[in-house]
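In order, the protein sequences belong to chains B and Z. Under the working numbering, the residue at position 278 of the first sequence is numbered 278, and the numbers go up by one with no gaps. Under the working numbering, the residue at position 44 of the second sequence is numbered 44, and the numbers go up by one with no gaps.
No wet-lab data here; the hints were simulated from the structure.
Below, a list of computed lysine-lysine pairs in the DSS-like style, where the Cα atoms sit at most 25 Å apart: (1) Z:K134 <-> B:K341; (2) Z:K152 <-> B:K2; (3) B:K341 <-> B:K426; (4) Z:K181 <-> Z:K152; (5) Z:K140 <-> Z:K152; (6) Z:K112 <-> B:K2; (7) Z:K112 <-> Z:K134; (8) B:K2 <-> B:K426; (9) Z:K140 <-> Z:K112.
Read off the chains here:
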Amino acid sequence: MKILDIAFKDLLRSTRSAISLVFMFGIPILVTGLFYFMFGRIASQETFNLPRTRVAIVNLDLAAPRLQANRGSIPGGIRASTVSELVVEVLQNEDMRELIDPVLFPEAAAAKKAVDVGEVQVAIIIPAGFSSQFSDPYGEASIEFYQDPTLTIGPEVIQTILHQFMDGLSGVRIAIKVTLDQAGVTSFAVIQQVIERYLEGLEGRSEDLAETFLETRAPGKKPETANPITQIIGPLMAGMMVFYSFYTGVATAESILREEEERTLPRLFTTPTSQTTILSGKFLAVLFTVLVQIIVLVLFGRFIFGIQWGNSWSLALIIAGTVLAASTFGLFVNSFLKNTKQGGVVFGGVLTFTGMLGMIRIFGVNSPSATLLGDTVSLLVPQGWAVRGFVYVFDAKPVSDALITFLVLAAWSLAFFSIGVWRFGKRYA
Amino acid sequence: MNAIEINGLRKSFGAFEAVKGVSFTVLQGEIFSLLGPNGAGKTTTISMLSCLLRPDDGDALVMGHSICRDPNGVKSVLGVVPQEIALYEDLTARENMFFWGKMYGMRGQELKRRVQEVLEIIGLSDRANDRVGKYSGGMKRRVNIGVALLHKPEVIYMDEPTVGIDPQSRRNILDSVLELKNQGMTVLYITHYMEEAQELSDHVAIMDHGELIACGAHHELVQIVGQSDRLTLDIGAGAFEAAGDELFRCWKAVECVHQVDAEEGKVILLVQDSNRALPPVLEIANSLGVRILGIEIQEPNLENVFLHLTGRALRD
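Here chain Z stands alone, though its shape is the one from the complex (with noise of 0.2 Å):
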C-alpha cells in the first residue's frame, strides 16, 4: 500500500516556480529519502505535504487524505520533524512533550506514559526536567525529533535532522530513524548528504531545480551511471606532459576500462571493476615511467548520478 502519493504538485512564489509538477509514490513502511541540494525545492514539497503551503496545482494523498481537501485528516495520520528547532527554549523537555502532545490531542495518563516513553527512547529521562535552551545541539535535535513522534503517527517526515550536529549524535539520529522503520512507521527523509540516503533508504528521489530527475531504488539509480568504478588517479602536472597521450591511449586499451578523462592534473578512468582494472593500469604506468602518487577509488553512489544527470557535484 502507498503511504504517499503526489501526483504533479507545482508551487510557486511570485515569478521563481520552486516546484516543478513533481510526482512520486512512498511505501507503507520504507524509508524513502529526497535528496537534493540546497534550494532544489525539497522543503516546499514538504510543506506542501505538511499542509504548510497550498499547491499552486496537483495534490497529494498521505495515508488516504488529501492535503488539499483533508488537510487535518493529513495533519493527525502526520508527524514532522522541521529542519529548525522547533521547540519552545525556555520550557523544559516535558513541557515541551506535554504542550505538543495536547496538540496531537493527547491528554492524561495516555499522554503522560507516551511522554515517558518518547524521554526514553531519545535518551534524555535523565534532563527532562532542564530547559531546553541549556540543551547542546544535538540534544536539541532529540527533543525535536521526540515531539514528532509523540502521537505514534503513521507516516513522519524528517527535514534534513542532522544538520548541524556532531558525528555522535548523527549516527544516533540514523540509528533511531531505522528504528522508526522497524516499528512499522514510514519516514519521508529530506536530505542533500547522499552518504545518508544511501544508508538509509529504501528508494531515494532525486529533485534540482524544483524537478524530480530520478526516483528509484539505490541500486536503480546507480545503473543510470552504468554501474561503473571511478579510478582516480594523480600522476602529477610533469608526467602528464611528458606522457599524457601515450598513457591515455595505452589505458584506454585495457578491456575493462571504458572512458579516461583528465581533470586538475588527475586522470580519472571509469572501469568495469576496478579490482580487475587496476594491476593492468599501474603495470602501463610503470613501463611509460610514470610514477603515481595517489589512487582513489570510488564504487558508484548518488553522487555519481547526481553529477552524471546534472553535471554537477550535490555539494555545489
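Next comes chain B alone, as it looks inside the complex (with noise of 0.2 Å):
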C-alpha cells in the first residue's frame, strides 16, 4: 500500500510541474505536428486536380438515321437515338462536369467566335450527315475540334476523352465492316449485337464515364500503396515519442536524487518505511508516468494526427517494452550520478547521444544506407529496438517480430533494473 502511497505522490507532484508536462507532452507533440503540417502540405499539394474546361457543342447533325442500341446498354444511362447524340450526350454527362463546362452552340461559326473571344476553350463542332456518315460502314464520318491556340492541358483533355470515345465507335464500325466483308453477314439483328457488345464492354470499365474515357495519374507521383501521413509521421510519431519517453523515463528517476537533496528522502528513511517499498514506489511512479505518456501520445497520434498504428497485439507489445526499458533507464542512469546538478549535463549528453542513435531508422527514411544503420549501430541502444518495435508495427510485421523485440528490451530492462537497484542499495545501506 505504502509503495502506491510513494507512486501517487511522485505521479501528483510530476503533473504540478509545467516544465515535466511540456517534456512529456508538448515537445513531442509540437515537434511530430511541425512535421506534420510540412509534410502534410507536401502530401496536399500532391493531389492534383484537373482544370475544367468550357466546351462550345454544336450538333449540326440533324434528321440523322436512328441509333438501334438497347439504351440500358449505353454506359451512363445515357439515352441517345443517334450517333451525334450519342457524342452530346457524352459530353454534357453529369460524370464530365468536373472535367467539361459544356455549353450547346447553334451554329459552328457563333462556337468557333465564344473560343476566339475565350468565352470557352473549346468548340466541338458535330457536321451535319455525321451520323449517316458514321452508319455507312465506307463513310468518312468527323467531328470538328477548334480550341484556343494558347491553352494546353483543357482542350488536350478533351481532345483525349473525345479521342477514346470515337475510337471506340470507330472499332465498332470496323467490326460491322469486317462482318458484313467477310462474314457475308447481311443480318442487322448481327450488326446490333456487334454495337451492343462493345457498350456492355465500355459499362464494363467502370460506372463513371469521366474514369471510362480519361485515365489520369499525378504527374511524377509513384502508385499509392499506403496513406503518406501513416509512412511519414506515424514512424516520426514513434521516434519523439521512443525519444522523450527515455526523457521522462531518466528525469522522473531523477526525483530520487532530488528528494535526497530535498531532505525528504533521509526523512523517509526514519519512517517505519522498507528502503525496498521506498526505492519500488518511486520506481512505480516512473513506470507509470512513462506509460502515460505513451498511451496519451498514441492517443494523440491516433485522432488528430490520423495514424493508423497497426496491429493492437504488436503496438501493445512494443509499447510495454518501451516503458519498461525507458523507466529502468532512468533507475540505471540515475544510480550512477552524485546530485541533479550532475543530471543536466548527464541527461543532455546520455540522452541525446543514444537517442539520436536510435532514432537513425527514423531520420534517414527511404535511405538504404539509414536502415543498415538502423539494423546494427542503432541496436546498440535501446532506444534503437524500441524504434525499430514501432517500425516493424508500421510495417504490418508479424506478432512475433514484435514479441522478439519486446523480449530484447525486457532483457535490457532487467539488466537497467539490476544494476540500478544494486547501486541504490549500496548508496543507501
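Make the complex out of the two chains shown on their own, each in a separate frame, by following the hints.
Here it is, written out as C-alpha cells:
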C-alpha cells in the first residue's frame, strides 16, 4: 500500500511541474505537429486536379438515322437516338462535370467566335451528316475540334476523351465492316449485337464515364500503396515518443536524487517504511508516468494526426517494452549520478547521443544506408530496439517479430533495473 | 524509566571520527538538550539514533528498541524533525501531512482526524490547502514539526528546529516543545543555542569534537564553573595603564572576588555574588580615580560551562 502512496505522491508532483508536462507531452506533439504540417502540405500538393474546360458543342447533325442500340447498354444510362446525340450526351453527362463545362451553340461560327474571344476554351462541331456517314461502313465520319491555341491541358483533356470515345465507336464500325465484308453477314440483328457487345464492354470498365474515357495520374507520383501520413508522420511520432519517453524515464527517476537533496528521502528513511518499499514506489511512479505519456501520445497520434498504429497486439508489446526500457534506463542512469546538478549534463549527453543513435532509421527514411545503420548501430542502444519495434508495427510485420523486440527490450530492462537497484541499494545502505 | 539509552556510540567517515564513544541516558517525559557548536557531532549522533546511519560501534535503545537490531521498532516510536525543511514544496500542507501520516502507517478516518488536529496545533488550518512552497520560513518550520507529531510518537528528535527563523516563530516553536513535554512526550532537542537549551531542558549534554564533555541538569553543570557570577568592567585603555596594577590588587582583596583577569581593555571579575561584590568594587575604582565606562553582569550559564571546559566560546 505504501508503494502506491509513494507512487501517487510522485505522480501528483509530476503533474504540478509545468516543465515535466511540457517535456512529456508538449514537445513530442509539437515536433510531430510541425512535421505533420510540413509533410501534410507536401502531401496535399501531390493531389492534383485537372482543370475544368468550358466546351462549346454544336450539333449540326439533324435528321440522322436512328441509333438501333439497346439504351440500357449505353454507359451512364445515356439516352440518345443518334450517334451525334450520343456524342453530345457523353460530353454533357454528369460524370464529366468535373472536367467539362458544356455549352450548346446552334451554329459553328458562333462557337468558334466564343473560342476566339475566350468565352470557351474548346468548340466541338459535329457536322451535318455525321451519323449517316458513321452508319455507312464505307463513309467518312469526322468531328471538328476547335481550340484556343494558347491553352494546353484543358483542350488536351477534352480531345483525349473525345478520341477515346470515337476510337471505340470506330472499332464498332470496323467490326461491322469486317462482318459485312468477310463473314458475308447482312443481318442487321448481328450488326446490332456487335454494337451492343462493344457498349457492354464500355459499361464493364467503370461506372464513371470520366474514368472510362480518361485515365488520370498525378505527374511524377508513384502509385500509392499506403497513407502517406502513416508512412511519414507515424514513424516520426513513434521516434519522438521513444526519444521523449526515455527522457521522461530519466527525468522522473531523478526524483530519487532530488528527494535526497530536498532531504525528504532521509526523512522517509526515518519512517517505518523499508528502503525497498520506497524505491519500489518511486520506480512505479516512473513506470506509470512513462506509460501514461506513451498512451496519451499514441491516442493523440491516432485521433489528431490520423496515424494508423497497426496491429494492436504488436503495438501493445512494443509499448510495454518501451515503457519498461525507458523506466529502468532512468533508474540506471540516475544511479550513477551524485546529484541533480550532474544530471543536466549527463542527461543532455547520454539521452541525446543514445536517442539520436536509436532514431537513425526514422530520420533516414527510405535511405538504404540509414536502414543498414538502423539494423546495426541503432541496436546498440535500447532506443534503437524500441524504434525498430514501432517501425515493425507500421510495416505490419507479424506479432512474433514484435514479441522478439519486446523480449530484447525486457532483457535490456532487466539489466538496467538490476544495476540501478544494486547501486541505489548500496548508496543508501 | 529511560526513553533513550546510549552506550558508546562511535561513527567515523573515513579517517575522520565524528562521534567518539558517546554515552548518555534520556528519561521518559523529559526534554533533553544536546548542546554543542557546529561540527560537534550532534547531527551524526541523532542520525544514528534515527537509524539513518549505522554506528561503527556501540548501541542505543529507544523505548527499549535497539537501533542496531530493531530499527523498525525504533522508527515506529519515533518522530524526527530534521534540521532542514524536509517537505514537498509542490504539495499543500494537508497533502504533505496525509502522505507522511501514511508513511507512519496511518489510514482512513484516524489519519484525517489527526491531520486536522495537527494543523490546528501548528496554527495552519486556514492555510492547509496552500502549497508549502508559498509559505514563509517560520510556517514551513511549523509544518516540518507537525509532520513528526502525526503518529503521536513517544520520543521526538528535534534537530535545530529554530535555525533561520524570526523571533516570533522561534518563540512559538519553543512553546510547542514545552507543550509536547506536557503531553508526556520525550524530546531530544539538538541545538547550538545555549539559551534554548537552558530554557527548555531538564537535562543537557554538551558535545564537542565528537565527545560528550558534560551531562546533567542545568544547576549541576554550572557547578562545574563554581557558580561564580561574571562581572565585566570597561575602564578604558588609559586608566588600565595608569592604575591597572593597583586596581587589580585592591579588587582581589575584596572578600567575595575570586579571580581578576584583563581581556581586551576590560577587566573580568569572577565573584561569589555580584550584588555583594559590586559596591566595594565600584568604591575602590572611585577611590583610585578610575572611571567605570560600562558594567556587564553575567550569571553562570552553559556558555560559561562550555568556555570553562573547552577554552572556547560556544559560538566559535
